[in-house]
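Enquirer: So the chains spell out like this:
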Amino acid sequence: MIGNSSTNRMPSYLEYQGKYTGIRAWILSTDHKRIALLYLYSQLFFFLAGLVMGLFMKLELIAPGQQLMGPATYNALFTVHGLTMIFLFIIPGLAASFGNFMIPIMIGAKDVAFPKLNLFSWYLFILGATIILVGIFTGDGPPDTGWTFYAPYSLKTNTNVVLTVFGAFVLGFSSILTGLNFIVTIHRMRSPGMGFFRMPLFIWSLYGTAWIQLLATPVVGITFLMVVADRVLHIGFFDPAQGGDPILYQHLFWIYSHPAVYIMILPAMGAITEIITTFSHRTVFGYKAIAMSSLAIAFVGYLVWGHHMFTSGMSETARLVFSFLTFLVAIPSAIKVFNWTATMYKGSISLEPPFWWAMAFIFIFMIGGLTGLILGSVSTDVHVHDTMFVVAHFHYIVFGGAGLAFFAALHYWYPKMFGKMYNKKVANRALLGLFIGFNVLYLPMFFLGFMGMPRRYYDYLPQFANLNLLSTIGSWILATSLIVVIVNLLRAKKGTPEEMDDPWGGRTLEWKIQSPPSLENFEEIPVIDHEPYDLIEK
Amino acid sequence: MSEHKNHISTYKSQIVVLLCLIMLTVLTVTITSVHLGPFNTAAAMFIASVKAAIVLLYFMHLKFDEKIYRFMVTLVLAIYAVVIIITFFDYLYR
Amino acid sequence: MEQNHVEHVDHFDPVASKLGMWLFIFTEILLFGGLFIVYSVYRYRHPVEFHLAAEELNVTIGLINTIILLISSMTVAMSISALQLGNKKFSLILIGTTILLAVIFLVNKYFEWGAKIHHDIYPGSDFLMSLSKGDMLFFGLYFFMTGLHAVHIIVGVVLLAVTYVKIKNGTVTQERYSLLENSGLYWHLVDLIWIFLFPLFYLIH
Numbered sequence: 039m040i041g042n043s044s045t046n047r048m049p050s051y052l053e054y055q056g057k058y059t060g061i062r063a064w065i066l067s068t069d070h071k072r073i074a075l076l077y078l079y080s081q082l083f084f085f086l087a088g089l090v091m092g093l094f095m096k097l098e099l100i101a102p103g104q105q106l107m108g109p110a111t112y113n114a115l116f117t118v119h120g121l122t123m124i125f126l127f128i129i130p131g132l133a134a135s136f137g138n139f140m141i142p143i144m145i146g147a148k149d150v151a152f153p154k155l156n157l158f159s160w161y162l163f164i165l166g167a168t169i170i171l172v173g174i175f176t177g178d179g180p181p182d183t184g185w186t187f188y189a190p191y192s193l194k195t196n197t198n199v200v201l202t203v204f205g206a207f208v209l210g211f212s213s214i215l216t217g218l219n220f221i222v223t224i225h226r227m228r229s230p231g232m233g234f235f236r237m238p239l240f241i242w243s244l245y246g247t248a249w250i251q252l253l254a255t256p257v258v259g260i261t262f263l264m265v266v267a268d269r270v271l272h273i274g275f276f277d278p279a280q281g282g283d284p285i286l287y288q289h290l291f292w293i294y295s296h297p298a299v300y301i302m303i304l305p306a307m308g309a310i311t312e313i314i315t316t317f318s319h320r321t322v323f324g325y326k327a328i329a330m331s332s333l334a335i336a337f338v339g340y341l342v343w344g345h346h347m348f349t350s351g352m353s354e355t356a357r358l359v360f361s362f363l364t365f366l367v368a369i370p371s372a373i374k375v376f377n378w379t380a381t382m383y384k385g386s387i388s389l390e391p392p393f394w395w396a397m398a399f400i401f402i403f404m405i406g407g408l409t410g411l412i413l414g415s416v417s418t419d420v421h422v423h424d425t426m427f428v429v430a431h432f433h434y435i436v437f438g439g440a441g442l443a444f445f446a447a448l449h450y451w452y453p454k455m456f457g458k459m460y461n462k463k464v465a466n467r468a469l470l471g472l473f474i475g476f477n478v479l480y481l482p483m484f485f486l487g488f489m490g491m492p493r494r495y496y497d498y499l500p501q502f503a504n505l506n507l508l509s510t511i512g513s514w515i516l517a518t519s520l521i522v523v524i525v526n527l528l529r530a531k532k533g534t535p536e537e538m539d540d541p542w543g544g545r546t547l548e549w550k551i552q553s554p555p556s557l558e559n560f561e562e563i564p565v566i567d568h569e570p571y572d573l574i575e576k
Numbered sequence: 183m184s185e186h187k188n189h190i191s192t193y194k195s196q197i198v199v200l201l202c203l204i205m206l207t208v209l210t211v212t213i214t215s216v217h218l219g220p221f222n223t224a225a226a227m228f229i230a231s232v233k234a235a236i237v238l239l240y241f242m243h244l245k246f247d248e249k250i251y252r253f254m255v256t257l258v259l260a261i262y263a264v265v266i267i268i269t270f271f272d273y274l275y276r
Numbered sequence: 250m251e252q253n254h255v256e257h258v259d260h261f262d263p264v265a266s267k268l269g270m271w272l273f274i275f276t277e278i279l280l281f282g283g284l285f286i287v288y289s290v291y292r293y294r295h296p297v298e299f300h301l302a303a304e305e306l307n308v309t310i311g312l313i314n315t316i317i318l319l320i321s322s323m324t325v326a327m328s329i330s331a332l333q334l335g336n337k338k339f340s341l342i343l344i345g346t347t348i349l350l351a352v353i354f355l356v357n358k359y360f361e362w363g364a365k366i367h368h369d370i371y372p373g374s375d376f377l378m379s380l381s382k383g384d385m386l387f388f389g390l391y392f393f394m395t396g397l398h399a400v401h402i403i404v405g406v407v408l409l410a411v412t413y414v415k416i417k418n419g420t421v422t423q424e425r426y427s428l429l430e431n432s433g434l435y436w437h438l439v440d441l442i443w444i445f446l447f448p449l450f451y452l453i454h
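Protein chains in written order, with the numbering used here: chain S, 39 to 576; chain X, 183 to 276; chain P, 250 to 454.
Fair warning: there could be bad hints in the mix.
In silico DSS-like links for lysine-lysine, alpha-carbon gap of 25 Å or less [said to hold, decoys possible]:
(1) P/K415 with P/K267
(2) P/K382 with S/K194
(3) P/K267 with X/K245
(4) X/K249 with S/K326
(5) P/K382 with P/K267
(6) P/K338 with P/K415
(7) X/K194 with X/K245
(8) P/K267 with S/K148
(9) P/K267 with S/K154
(10) P/K338 with X/K194
(11) P/K382 with X/K249
(12) S/K154 with S/K57
(13) P/K415 with S/K154
(14) P/K337 with X/K194
Please keep in mind that the hints were generated in silico from the structure rather than gathered at the bench.
Values in this document were obtained by computation on a predicted structure and should not be read as measured data.
Turn these sequences into a full structure, and let the hints guide you.
Expert: Spelled out as structure tokens, the structure:
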């Protein structure tokens, strides 16, 4: 028995007292579990801030004409909403929070390879967020360029582009260092017997993600530096008046930002794999296929960025090449869905809240993915590019995909991280409300886009009124349900070790140790002599 | 990853590497001062790549390290190369 | 609740540090890689202007700087061998030489840039804005890329200086020389970038 029996429990990492006390014990801690919670709390805070901005946007769109704000404010709102949700919530995503918490435990280690660097990554995260906040509330005010900062407008607009883009640069650094840390951790700190093909699939997904963080982020980093150079030094990289090519900006931006969506979704899919496997009470179907598909997605994801640029003015050849490659990248994602289904087949399924969240994920993610095919094919994309269709698509994939998986993971690992259990009935009902609200909010946008309603406009033509009203109502249902979800988690009750150590019957290492884990996770480093997801008698 | 015994480069080998690099540099300057049209750039880039490979293999010790480092470097350079090539699908055919 | 203070044991793992430095080097390759993409696109579009603009640069200084950097790569590589062989003093001399060569490189750069600025060629200058688009892009890229490269030289110098001090006070030794090895790797990266910058800016004929 590698963990801690109830007669031999150590103080949990939450109670542990080291050199510091109070708040310093948290913001100076190099314990990967505390850093994970620092990320988790910050990310949830930014998510709620972004949510409020989204609600205000939907409020403006509730009817034709101006309701609360003029176009300039609306433009700033959708820019900051995008920046917040993307850079401050979903790109750090499951990796920064659940990855930090679970990687060492799942591979049988006491911490990550570079614990101090890990804490430094969080500092950079907060610093980047602060710089962006300063950009929003001071000087020339928040940028109105969209989170994509397209040139040449981003070079000309009299808003705080330099500050915001620099904040994003700092955030990128945070992401790079986390990726670096995770790669070294996975290579060097697996416990004896845990070869690469005995690691949990969540780790595989984080491994692929880490490589994307490492190799793609620098490209947008240098691109943002060039935007700053253009604005401050008048170099002219992307300014047509000086010979620059705005389309080149788009190339460089999306060379990062497309792989970035795989940074968002890979850890999410990894968590879903863990959840489905656990609640099917059998070993996962197609372990190697899932592991390899994570790497395949990471690699092919570098080749498809131009599908964001079909109407930008690229050559026809480029458009065809990108469209073809885009269809290729759908294949490894589909492989995962097939494997999840096959895992559930003839499994003994227990219908617990994390499992329902995972089912919601599969349903919503598939809608998002299938609508991606319409966007990936040049001829249909030309019709719906820059319309609400795109907005619907990425909210289905990113929010309904990575976002739902984030909450699924939270419900799954909650007892492990905190030693508490939430009210399962409330969790399930809140999920139902959220599922309904989500679809009422976003499904109409597909139709609106098809009918020709553009995105990033604060107003619209009268024929779009009914669906917009419906969509805004959906946003309220969604928001209310989300609040219920979060309050339900906050009111979780402490349980006994028997209840909390392994409430779900999990088969990965984290379920073999006490809840919450002790400071060093294991009394002694486990030696692994079985295949992943094997049922081991305790 | 287990390590084999540490390989220590000799001073002599490092001097030899430097001399090769300097020779290649001089070669680059000479070649580009002759008018070869588009082949000038290709030649210069080719020689630069050879120099880079020498630095990577000898000074940066890749030749004597575990295979995984060479594998990773190759992978990273391959991804970078593919990205440039795909970008030029736009610019070559506009 | 009181218990014994558990120390986070610092496991000595030079492989982890080396792997970490290589991964960091990969990010630098992609960082400069983005700029090389910009360079290739704009050179492809303005071949003649790039050719003409490049003639404003002094090949001799560029060549000297290239050789300086190559020598500095050798000296830092040698310093690692020296420390591995137990020649602490020689290692320190070699590191000092590397730093000295780096400073000379920067001084040359300072004069090069100074000359350009004296002739009103710098980003945003009225004169530069009056030239052709290809000229503006060439010099914009020249200043930005060599400038960013110079920043990395400074970082490298700082790393080497810290290493020097730690060898002197015995923290970095014949058995534990990761810091020197990894600083060396970083230094070679700086050299690698220049190996490509030199022909692309100075030798376009």
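Enquirer: Does S/K326 sit within 25 Å of X/K249, going by the straight-line distance between their CA atoms?
Expert: 23 Å, holds
Enquirer: Please verify whether X/K194 and X/K245 have alpha carbons no more than 25 Å apart.
Expert: Between X/K194 and X/K245 the Cα gap is close to 17 Å, so the pair holds against 25 Å.
Enquirer: Straight-line Cα separation of P/K415 and S/K154 no greater than 25 Å?
Expert: 20 Å, holds
Enquirer: Check the hint pairing P/K267 with S/K154 against an upper bound of 25 Å on the C-alpha distance.
Expert: 17 Å, holds
Enquirer: Take a quick look at whether P/K338 and X/K194 sit within 25 Å of each other, Cα to Cα.
Expert: 18 Å, holds
Enquirer: For the pair supplied as a hint, P/K415 and P/K267, confirm whether the alpha-carbon distance does not exceed 25 Å.
Expert: 18 Å, holds
Enquirer: Does the alpha-carbon distance linking P/K267 and X/K245 stay inside the 25 Å limit?
Expert: 15 Å, holds
Enquirer: Is the Cα-Cα distance between P/K338 and P/K415 25 Å or less?
Expert: 13 Å, holds
Enquirer: CA of P/K382 to CA of P/K267, is that 25 Å or under?
Expert: Since the Cα atoms of P/K382 and P/K267 sit roughly 44 Å apart, the hinted pair is violated (cutoff 25 Å).
Enquirer: Take the C-alpha atoms of P/K382 and X/K249, compute the straight-line distance between them, and say whether it is at most 25 Å.
Expert: Since the Cα atoms of P/K382 and X/K249 sit roughly 46 Å apart, the hinted pair is violated (cutoff 25 Å).
Enquirer: With a cut-off of 25 Å on the C-alpha distance, tell me whether P/K382 and S/K194 pass.
Expert: 19 Å, holds
Enquirer: Are S/K154 and S/K57 close enough, with their CA atoms no more than 25 Å apart?
Expert: It holds: about 15 Å lies between the C-alpha atoms, which stays within 25 Å.
Hint violations for this structure: numbers 5 and 11, all remaining hints satisfied.
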